[in-house]
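**Student:** The residues making up each chain are set out below.
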Amino acid sequence: MIQESPAYFKENIRQICKDEILRQIVRKATLLTLSKRSEVVTEYYAEGKDWEALRNQAHEIRKKTIDNLDTYLTELEGNFKKNGIEVKHARDPREACDFIVRILGEHNARLVVKSKSMVTEEIRLNDKLIEAGIEVVETDLGEYIIQLAGETPSHITAPAMHKSRDDIGRLFSEKLGVPFTNDPAELTEYSRRFLREKFLKADAGISGANFLVAETGTVVIVENEGNARLSTTLPKLHIVITGIEKVVPTLEETATLLKLLPVSATGQKATSYVSFINSPARGEKDARPEKIIVILLDNGRREIYRKQGVREALYCIKCGACMNVCPVYQTVSGHAYGSVYPGPIGSILTPFFTTLNESKDLAYGSSLCGACSEICPVKIDIHHMLLWIRSYAVRKKYTPFIERLIFKLWRMSMKNLFIFEFGRSLLKLIAPLLGSQETQLKIPIWSDNKDFPPLAEKSFHQLWKEDEVWKKNS
Amino acid sequence: MNVTLFIPCIVDQFFPQVGINTYRILKKVGCNVDYPLEQTCCGQPAFNTGYRKDAVYLAKRFIEIFSKYDYVVAPSGSCVSMVKIFYEKLELPTDSQKKLAELKEKIFELSEFLVDILKIEDVGAKFSGKITYHESCHLLRELKIAQQPRILIKNVKGVEYVELHESDRCCGFGGTFSVKFSELSTILTADKIKNIEQSGAQYVVANDSSCLMNIDGVLKRKGSRIKTMHIAELLANGI
Numbered sequence: 001m002i003q004e005s006p007a008y009f010k011e012n013i014r015q016i017c018k019d020e021i022l023r024q025i026v027r028k029a030t031l032l033t034l035s036k037r038s039e040v041v042t043e044y045y046a047e048g049k050d051w052e053a054l055r056n057q058a059h060e061i062r063k064k065t066i067d068n069l070d071t072y073l074t075e076l077e078g079n080f081k082k083n084g085i086e087v088k089h090a091r092d093p094r095e096a097c098d099f100i101v102r103i104l105g106e107h108n109a110r111l112v113v114k115s116k117s118m119v120t121e122e123i124r125l126n127d128k129l130i131e132a133g134i135e136v137v138e139t140d141l142g143e144y145i146i147q148l149a150g151e152t153p154s155h156i157t158a159p160a161m162h163k164s165r166d167d168i169g170r171l172f173s174e175k176l177g178v179p180f181t182n183d184p185a186e187l188t189e190y191s192r193r194f195l196r197e198k199f200l201k202a203d204a205g206i207s208g209a210n211f212l213v214a215e216t217g218t219v220v221i222v223e224n225e226g227n228a229r230l231s232t233t234l235p236k237l238h239i240v241i242t243g244i245e246k247v248v249p250t251l252e253e254t255a256t257l258l259k260l261l262p263v264s265a266t267g268q269k270a271t272s273y274v275s276f277i278n279s280p281a282r283g284e285k286d287a288r289p290e291k292i293i294v295i296l297l298d299n300g301r302r303e304i305y306r307k308q309g310v311r312e313a314l315y316c317i318k319c320g321a322c323m324n325v326c327p328v329y330q331t332v333s334g335h336a337y338g339s340v341y342p343g344p345i346g347s348i349l350t351p352f353f354t355t356l357n358e359s360k361d362l363a364y365g366s367s368l369c370g371a372c373s374e375i376c377p378v379k380i381d382i383h384h385m386l387l388w389i390r391s392y393a394v395r396k397k398y399t400p401f402i403e404r405l406i407f408k409l410w411r412m413s414m415k416n417l418f419i420f421e422f423g424r425s426l427l428k429l430i431a432p433l434l435g436s437q438e439t440q441l442k443i444p445i446w447s448d449n450k451d452f453p454p455l456a457e458k459s460f461h462q463l464w465k466e467d468e469v470w471k472k473n474s
Numbered sequence: 475m476n477v478t479l480f481i482p483c484i485v486d487q488f489f490p491q492v493g494i495n496t497y498r499i500l501k502k503v504g505c506n507v508d509y510p511l512e513q514t515c516c517g518q519p520a521f522n523t524g525y526r527k528d529a530v531y532l533a534k535r536f537i538e539i540f541s542k543y544d545y546v547v548a549p550s551g552s553c554v555s556m557v558k559i560f561y562e563k564l565e566l567p568t569d570s571q572k573k574l575a576e577l578k579e580k581i582f583e584l585s586e587f588l589v590d591i592l593k594i595e596d597v598g599a600k601f602s603g604k605i606t607y608h609e610s611c612h613l614l615r616e617l618k619i620a621q622q623p624r625i626l627i628k629n630v631k632g633v634e635y636v637e638l639h640e641s642d643r644c645c646g647f648g649g650t651f652s653v654k655f656s657e658l659s660t661i662l663t664a665d666k667i668k669n670i671e672q673s674g675a676q677y678v679v680a681n682d683s684s685c686l687m688n689i690d691g692v693l694k695r696k697g698s699r700i701k702t703m704h705i706a707e708l709l710a711n712g713i
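Protein chains in written order, with the working numbering: chain A, 1 to 474; chain B, 475 to 713.
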């Protein structure tokens with residue numbers, strides 16, 4: 001069983017490493033998205049545009065925004081109110097869920113349609129709605145699949161990435177009673193039939209937001225299926241829940257980010273739909289929605305803001321490219337992380353959305369190859385921040401005592417050449433006792449899977465001291 | 475030109491021939507080569523595992539030893555990255571910071587030093603065999619060194635060079651990652667080896683002994699005939 005907690009990261013990985021089918025599905029899916037992305041980037045350059053310059057520009061926009069977060073949030077809130085959109089702040093998941101349940105109750109909402117939102121996963125909204133007796137239906141196809149399966153998303157933009165077409169076919173036939181098919185078009189048709197009815201009957205729609213434009217008080221939603229537009233325009237009530245970091249100062253700057261997001265997320269130049277929601281319906285009778293409420297969630301984001309070492313993590317526009325490109329993610333897929341946001345960026349966010357102690361292993365589950373930082377559309381220094389999280393865990397003394405001791409001893413030996421050489425001689429002496437041979441040293445764990453080289457007869461240091469380096473040259 | 479060798483711990487303890495060959499190459503191209511005997515580790519293992527305070531001790535020590543030289547050259551992208559990129563992230567005393575600013579300008583990875591500083595693209599080496607090249611992550615993404623090693627390898631007489639599919643994909647080493655997440659690390663290394671095998675190369679060359687040690691560990695366990703080779707060993711052949 002894969003555990004839904006980052007504390008089980010290592011155990012989860014050990015299990016998934018044995019699941020070759022899952023690995024193949026996820027590897028194939030991530031590589032496909034990456035290749036589509038690089039085609040678009042190549043096209044970009046062919047058209048004389050500069051992708052790197054665009055990334056730099058986006059980085060500056062995000063930096064300016066996050067550095068002045070409260071200024072822009074105040075502006076945003078003022079403009080929302082002018083537009084007739086209500087605003088509510090929520091400190092944590094409980095506050096956010098309680099508020100949503102209360103609002104839905106006040107509106108006698110029994111059926112809620114949801115468009116894709118990771119923040120609702122973060123606050124575990126669906127569970128709370130069901131507890132309150134409210135029917136909640138996911139309308140994004142990937143999320144719908146996940147809801148039918150009773151699982152959580154394994155990727156922030158492709159929630160059902162870990163499922164094969166056959167898996168989905170079987171799921172649909174089991175849960176919806178339709179004949180088995182693995183044809184994506186047919187499967188989509190089945191879900192459409194079911195979802196249309198829900199859209200029309202829904203009392204409220206809940207969505208996330210990709211961007212919140214401060215100067216105009218606009219909620220921007222990017223999608224491909226049209227389900228977000230239906231969820232936000234058919235029901236009387238529209239609730240938006242998103243993180244405080246989603247604010248963008250101007251429409252023009254939003255346009256820049258909109259160029260980067262779909263390319264990085266799905267390898268599309270633009271998504272099929274981009275909705276700019278400015279206000280509830282005005283004037284006409286029965287126009288929808290009658291009411292829009294935006295909930296701005298903190299849940300650890302202000303803590304990230306206060307930590308200079310990781311503040312950049314708030315620049316994230318949730319494209320998922322760092323997951324697609326990460327060799328670790330490609331191999332273990334999203335559920336292994338046991339957190340709502342998996343992959344490299346998730347390993348930075350999760351310690352602040354949960355606790356550092358339970359999620360510290362995430363930051364260590366990276367070879368620090370830096371592919372994430374290289375692909376990030378807003379140039380977040382992701383892998384360097386993973387290093388920062390590690391140092392944070394060490395500072396809080398959350399790492400094993402034995403490890404701390406080893407590094408103390410190591411530091412001492414490296415500072416003093418005599419101890420250093422003594423340690424080496426000692427290792428040479430005890431190596432045979434560990435089962436080491438002339439051809440290899442036995443190193444715990446490492447040697448389970450691969451050979452380790454033997455210690456050299458003489459170190460470079462010794463060779464130099466004894467003038468051997470020079471002799472070997474002549 | 476006066477060059478000072480910075481020999482990473484792994485090279486020092488396990489692969490001294492990489493150090494010797496680095497020395498030979500630099501001598502061959504006309505450098506005066508020195509090796510400060512008091513050098514130990516740059517502190518990277520501690521830094522990468524989160525032990526920044528422990529790393530500070532060694533960084534201070536390293537800066538003290540090496541900042542007085544004209545050029546510092548190391549046969550490793552990873553250890554040079556530690557000095558050039560990661561030292562800045564440590565809380566160093568002002569004095570060390572000042573010296574570091576200068577040191578950063580004069581420390582180089584071997585292939586970078588040969589091609590960019592000495593403007594040497596052919597060291598005169600000879601080697602017969604089919605070779606492919608694995609890009610070490612720190613070399614590529616921290617130091618942005620991609621073309622220099624390829625130029626040098628291709629100019630070795632007798633070498634048949636083939637590009638490696640996904641050459642920029644991590645080999646799965648990652649320092650303590652390879653022990654903390656051993657099964658996962660081994661899968662990543664197996665992916666790398668599959669690509670190496672498909673390239674048809676007899677030798678895989680890289681600029682970091684750590685990556686090579688990791689790849690070689692799995693190759694040996696598999697009983698593969700493919701050999702790993704540090705770029706210094708290749709370039710020192712026949713000179």
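Take the hints with a grain of salt, since some may be wrong.
To be verified - Cut-off 16 Å, straight-line C-alpha distance, at most; resulting in silico cross-link-like pairs (EDC-like, lysine to aspartate or glutamate):
id, chain 1, residue 1, chain 2, residue 2
1, A, K28, B, E657
2, B, K563, A, D381
3, B, K694, A, D451
4, A, K88, A, E75
5, A, K18, B, D508
6, B, K696, A, D451
7, B, K654, A, E468
8, A, K465, B, E576
9, A, K18, B, E657
10, B, K694, A, E438
11, A, K415, B, E640
12, B, K701, A, E468
13, B, K618, A, D381
14, B, K501, A, E468
15, B, K572, B, D596
16, A, K28, B, D665
17, B, K694, A, E468
It should be emphasised that the hints constitute simulated quantities derived from the structure, not laboratory data.
**Student:** Could you check the structure against the hints above and give me the numbers of any it violates, in ascending order?
**Tutor:** 1, 5, 7, 8, 11, 12, 15, 17
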